[in-house]
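Peer 1: Listed below, chain by chain, are the residues.
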Amino acid sequence: MNSSEQTAPLLEVRHLSKHFGAVQALNDFSMAVRPGEVVALAGDNGAGKTTLIKAISGVFQPTGGEILLRGQPVTFATPQEAREKGIETIYQDLALADNLSIGANIFLGREPMRKAFGFLPVLDRKAMAVAAKQTMGRLDFHVSRLDAPVSNFSGGQRQAVAIGRAVFWDAQILIMDEPTAALGVPEQRKVISLIHQLKAQGRGVIFISHNLLDIFAVSDRIVVLRRGVQAGERKISETNHDEVVKLMVGG
Amino acid sequence: MTSTSSSETHVAPQADHGDPARSWLARIAEGRAWLFLAALIICFEVWSRLSFGATFVLNPFNVQSIAIFAVAPLLLATGQTFVIISGGIDLSLGFIMGLAAVVAAHATNMAGAAMPVPLAMMLGILAAVIVAGVPGLINGLLISRLRIPPFIGTLGMFGVARGAAFLLAGGTTVPVQNSWFALLGNGRFYGVPYLVIIAAVFVVVMHYILSQTRFGQHNYAIGANVQAASRAGIDIRGHILRLYVLSAMCAGLGGALYAARFTAGAAQAGEPLLLDSVAAVVIGGASLFGGSGTIFGTVAGALVIAVIQYGLVFVNVEPFWQFIAVGLVIIISVLIDQAQRRFSGARQDE
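For the record, the sequence lines run as chains A and B.
Here my numbering is used: position 47 in the first sequence is 47, and no number is missing along the way.
Here my numbering is used: position 46 in the second sequence is 1046, and no number is missing along the way.
Hint data in this document are derived by calculation from the structure and do not stem from the laboratory.
Be aware that one or more of the hints could be misleading.
Restraint ranges, calculated between C-beta atoms of paired labels, are given here [claimed, not checked]:
#: 1; chain 1: A; residue 1: PHE60; chain 2: B; residue 2: ARG1237; range: 15 to 21 Å
#: 2; chain 1: B; residue 1: ILE1332; chain 2: A; residue 2: SER144; range: 44 to 50 Å
#: 3; chain 1: B; residue 1: TYR1208; chain 2: A; residue 2: ALA8; range: 46 to 52 Å
#: 4; chain 1: A; residue 1: ALA116; chain 2: B; residue 2: LEU1058; range: 46 to 52 Å
#: 5; chain 1: A; residue 1: GLN72; chain 2: B; residue 2: VAL1205; range: 24 to 30 Å
#: 6; chain 1: B; residue 1: ARG1237; chain 2: A; residue 2: ALA116; range: 46 to 52 Å
No residue lacks a Cβ here, since even glycine has one placed at the ideal position from N, Cα and C.
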């Protein structure tokens, strides 16, 4: 874990600002994520967490500051551009088409085609199913029926599908917005261990949560936001719940 | 902390185990339109034999008539299937079909003065399909660019297409003077009407588009979760635009075939067929909330309606009973769908 101090950051945010009219949602904010590192973003509602991740994922452009990907400054006009550069956002409301299979969800918008009878282009459902099985296997998630629509699966399993899609397309940075919020306790555990898997694979994870237990279970560092500014940054091993709460509420 | 605890994540899918009762019910719900169809045919067969001592379904004339009867509503309903799966609805299809029928008649007649008969027929059909695409394009622009709800946008186009069709027809029906066109509408190939052959080929092509192409796949995704589709990088606006052009062109072909069958174009050709098209899609198993439905389900739905309408006439029941029968089938169909959803919806995590 200490070695992560020396490795170059995957993603770095420098002096990022975003205002909506007179409202300063994010002000001179800086942070970095290294490979294999899970950085938790904490803060009260309206602290600027969502603004930050939307700026990083290309939903809107920051008013000031810069985003660096492996040391290179980048700008994203659309979330699509951010995704192509390897930044994937996994929203809490599960961005899946419930009526489609795991494979179809993984490939949604980029479906593989094959030629039937040597000339007729058709969806390659077999390739999608195989990729789905492999990808979910990499997350240690084993499904028996790959043709079932994802509506048949539980919330945690669907969360795994969303993560699986990001992994399949080789996202290097996963931004997870409250991935455990809508889940029961056993399902939350599964998502936490999925994050451990991503970490072991050397990906960077930005993990947003209200749940300090989850944050302490999975993160390497925690960055606290308050009213759009960075209120503090701590290594998880060197802090505790009380200190984090104080940073959040500004005690 | 960096070590992973893989044993925790072995996840047994909760709802996809082979619960026999569930999959049995799901299968019935999926194929309910075909079950309706079989039940209706048996019912009319028994009725016909008991009352008249005559067969209903083994009479090839009846089968042909039902098939021809089903063609125009089916063409509207295939387009409607795409639209309803996407979570929308197209109310303008009936009068787009009427407009196309009038255009087909005029264009065939005009072209007939300048070129050989078969070519004039082809041009007439082509003109009908292309002209039908124009209100579809406007529908698509209204819905995708100006964010008008499909119900309202296509209701507006319902009126516009209606007016345009009657104006173009001069308030009357436009007879077609083209022998090939008449043959297309009434001729048979080894006993199978050309219209039915065209419709069958068309249905297979549409099934291919819906089930085997990206366009079809995206259509399902948009109907289930438009945000997810958008985040996955699908061009929603472009898709919606193409979708409404496609459904309008289906109605355009329906109008051209109508003009062929009656050797005349009439503005009101598709008026009673619009709601039949929606009914066929719903009976065929699609949800009006979007995200589900198949072309072959819709085929069964259209045949159910055609069998009810033709069968009741055949057994000599007052025609008004048709409306009641079709209405009941729609309600029963939706009830089955909801029961099945509630049953399989038990997996919800909350």
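Peer 1: Each of the hints needs a verdict: does it hold here or not?
Peer 2: Hints and how they fare:
1. Distance hint check: the CB atoms of PHE60 of chain A and ARG1237 of chain B are about 19 Å apart, consistent with the given range 15 to 21 Å.
2. Restraint check, ILE1332 of chain B to SER144 of chain A: a C-beta distance of roughly 34 Å breaks the suggested window 44 to 50 Å.
3. At about 50 Å, the beta-carbon gap between TYR1208 of chain B and ALA8 of chain A stays in the expected band of 46 to 52 Å.
4. Against the hinted window of 46 to 52 Å, the Cβ-Cβ separation of ALA116 of chain A and LEU1058 of chain B comes to about 37 Å, which falls outside the hint.
5. The hinted window of 24 to 30 Å between GLN72 of chain A and VAL1205 of chain B is violated, with their beta carbons roughly 48 Å apart.
6. With their beta carbons about 30 Å apart, ARG1237 of chain B and ALA116 of chain A fall outside the hinted range of 46 to 52 Å.
Violation of the numbered hints given earlier is confined to hints 2, 4, 5, 6; the remaining hints are satisfied by the structure.
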